[in-house]
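Q: Here's the letter readout for the chains.
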Amino acid sequence: MNLDFSQIVPYIPFILEGIGTTLKFVSASIVIGFILGTLLALCKVTKAPVLKPLADAYTSIFRGTPLILQLMIIYYAVPQLTGYDISAFISAVLAFGLNSAAYISEIIRGGIQAVDKGQTEAAEALGIPYRPMMANIILPQAFKNILPAMMNEFITLTKESALVSTIGYLDLMRRAQVVGSDLYRNFEPLLFAGLIYWVMVFVLTQLGRVLERRLRQSD
Amino acid sequence: MIKAENITKKFGKQTVLHSISTTIKQGEVVAVIGPSGSGKSTFLRCLNLLESPTEGKIWLNDQEITNPKRNKLAVRKHIGMVFQHFHLFPHMTVLDNVAYAPQKVKGIPKQEAHQTAKKLLAKVGLTDKEQAYPNRLSGGQKQRVAIARALAMEPETMLFDEPTSALDPEMVKEVLDVIKDLANTGMTMVIVTHEMNFAKEVADRVLFLDRGKLIEEAEPTAFFHEPATERAKDFLAKVL
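Chains A and B supply the protein sequences, listed in that same order. Heads up, the first sequence is in my numbering, so the first residue is 8 and it goes up one at a time. Heads up, the second sequence is in my numbering, so the first residue is 386 and it goes up one at a time.
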């Protein structure tokens, strides 16, 4: 067996820097996905006529096409159409944020609809307007129920983020590849990157558990 | 005062209320009774517009609340409602359950809202549960919190939708006692109930509904001793 981990040692700082670059765009994407996803979910449960089909169409498009294709379109097609030279970072944040908004909106919609209808009625009977009702009564209960599904989505997003290596963004994955071609040895840097991804997801999972426990204090 | 005029409610092709008219006077306690599926709850829910009547008009004092231009939320500030299944907000403490709506709807400062809430919780005998979450409470306690929550908005009228039907038998009394106390304060109330003795004791008037029609409307002694209609006689024979 031909394995020599000592050879990647000089490259470790370079690879570790990838954690920062990956986390930077993943967290930005999560924020965008979460905010946009919540808004889309509200559009889906509203009785107002136009918003629902628009939100449904959005979900259909972003869920119905490959993420890598969306990424490529944003990165390569935007400059072609507008002349604006979009950076790899912005493209990545947009693609991942817009894409996960579609999934998150479905998770949140399910969560909202799973909240007992009596909650809405009780709020209405007290004269509570729509916004505070959603913000203080329905959504907190919905979020509590969907937290596991949401963590799942964030974990998927963290791992799938490796796709941005295809547009040259120097994330963790891309750095492992760079090191691999420098050394003509791929197994060691890839395994190292894999370990880092696993640790990131592990930490995320633990954070999710803590959050879940805190939200469950009313049980 | 609430005045209902020819209230008809249809769900699709099914008519659940047929042209019901009645007036609930200031300070009056009205019990609505009748078999399951007779439209009692739907009628009650029409009074605070949780259901919009298909036809007919409802007045709260001298304002027509069924007028589409009127703000439903503004109407509901004046009408409190207590549900069969409580519908407390599970993620809020008992105190917050009671104090939330006055703050959000009436803009009452937090401290004042909490003070009022504490008074109301004392009134329903739950001072020691202020910081508890609803699912730590028994059914009877939950319903008493729900009553305090509705009262916190200082409504003119209270609607009770089968307030004791979801309770274990030994908890019915504690809730009925709270409602009785409230009746004695002169609160206008409409109570949908299956507790005939309670209706007899507390109500000033009984409405008997069957299949969406108001069959009989009478003072309780008269209604329970000498019901005027065969249908009411039949019903009472089965439930008493």
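Calculated directly from the structure, the hints in this document are not laboratory data. Check the hints yourself; a few may be wrong.
Unchecked claim - Derived list of chain A stretches under chain B, where covered just means 3 residues or more per stretch with a C-beta under 8 Å from a C-beta of chain B:
1) 132–140
2) 143–154
Stated by the list, open to error - Straight-line C-alpha distance at most 30 Å; calculated DSS-like pairs for lysine-lysine:
3) Lys388/B x Lys398/B
4) Lys124/A x Lys495/B
5) Lys54/A x Lys457/B
Fair warning: this is a prediction, and the values are worked out from it, not measured in the lab. The C-beta atom is built at its ideal place from N, Cα and C for all residues, glycine as well.
Q: Taking the hints in turn, state whether each one holds.
A: Evaluated hints:
With 6 residues bearing a CB less than 8 Å from a CB of chain B, the region 132–140 of chain A meets the requirement of three and the coverage assertion stands. For the region 143–154 of chain A, the stated coverage by chain B holds: 5 residues have a C-beta nearer than 8 Å to a C-beta of that chain, and at least 3 were required. Distance check on the hinted pair: Lys388/B and Lys398/B sit about 26 Å apart at the alpha-carbon level, within 30 Å; holds. Proposed proximity of Lys124/A and Lys495/B is supported: the alpha carbons are some 27 Å apart, at most 30 Å.
Of the pairs offered as hints, the one joining Lys54/A and Lys457/B holds, with about 16 Å between alpha carbons and a cut-off of 30 Å not exceeded.
The structure shown violates none of the earlier numbered hints.
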